[in-house]
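Asks: Sequence:
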Amino acid sequence: MDEADGLDRMKSGSRRLWNQLFPAGILLMVGSKYIFPLVFNEQFATSYIYFNIYLLLIIPRLLFPQSLFISRGWTRWQLYISMMEFAINIGSSLLLMRWIGLPGIAFGTLIAYFFEKICMVIILQKKGVALSRYTHVNTYLFYSLVLAGVFLITTLSELI
65 MDEADGLDRM
75 KSGSRRLWNQ
85 LFPAGILLMV
95 GSKYIFPLVF
105 NEQFATSYIY
115 FNIYLLLIIP
125 RLLFPQSLFI
135 SRGWTRWQLY
145 ISMMEFAINI
155 GSSLLLMRWI
165 GLPGIAFGTL
175 IAYFFEKICM
185 VIILQKKGVA
195 LSRYTHVNTY
205 LFYSLVLAGV
215 FLITTLSELI
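In terms of the working numbering, the sequence shown opens at residue 65 and continues consecutively.
If you anchor each label on the Cβ, the simulated ranges turn out as follows:
| id | residue 1 | residue 2 | range |
| --- | --- | --- | --- |
| 1 | Ser131 | Leu102 | 29 to 39 Å |
| 2 | Gly165 | Arg79 | 31 to 41 Å |
| 3 | Leu102 | Arg136 | 46 to 56 Å |
| 4 | Leu85 | Ile217 | 18 to 28 Å |
| 5 | Tyr118 | Phe206 | 18 to 28 Å |
| 6 | Val103 | Phe150 | 26 to 36 Å |
Lysine-lysine pairs mimicking PhoX-like chemistry, simulated, CA-CA at most 25 Å apart:
| id | residue 1 | residue 2 |
| --- | --- | --- |
| 7 | Lys191 | Lys75 |
| 8 | Lys190 | Lys75 |
| 9 | Lys75 | Lys181 |
| 10 | Lys191 | Lys181 |
What the hints contain is simulated information worked out from the structure, not anything from laboratory work.
Every residue gets a Cβ at the ideal spot worked out from N, C-alpha and C, and that includes glycine.
Generate coordinates for the entire structure from the input sequences, incorporating the hints supplied.
Replies: Structure (structure tokens):
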């Protein structure tokens, strides 16, 4: 299989995965406020907030530039980016925890994961591999915006 075929397969495979996992994440986010007290107990009723923040990790986790790094043998780049992601995760989690409490830890992780994916996408772009070559950008953005919108409606109001 040549590179073009591999990128096309990656693009279509990603979309199939998104069509399953984004809607599942959206449904979980909508229902988590009501499911948590039933599955656990009333003491954990507000834990859905942390769960919903972590559900936002679907957005960076379902973008796959790391597959291209691995296929090209760019493991050193991955190592450097991962080390920065780790430092950002710790730093932003601690900083945000001081400002907004426990949700800050989850938001810190979210920030770090977005940083990691953005770095990889930028490096690939500079090396001549556009995001649109291995990602259905419009579909990805649509699902990402819907998930973020559902978060704003269902969860953010509880944090403010």
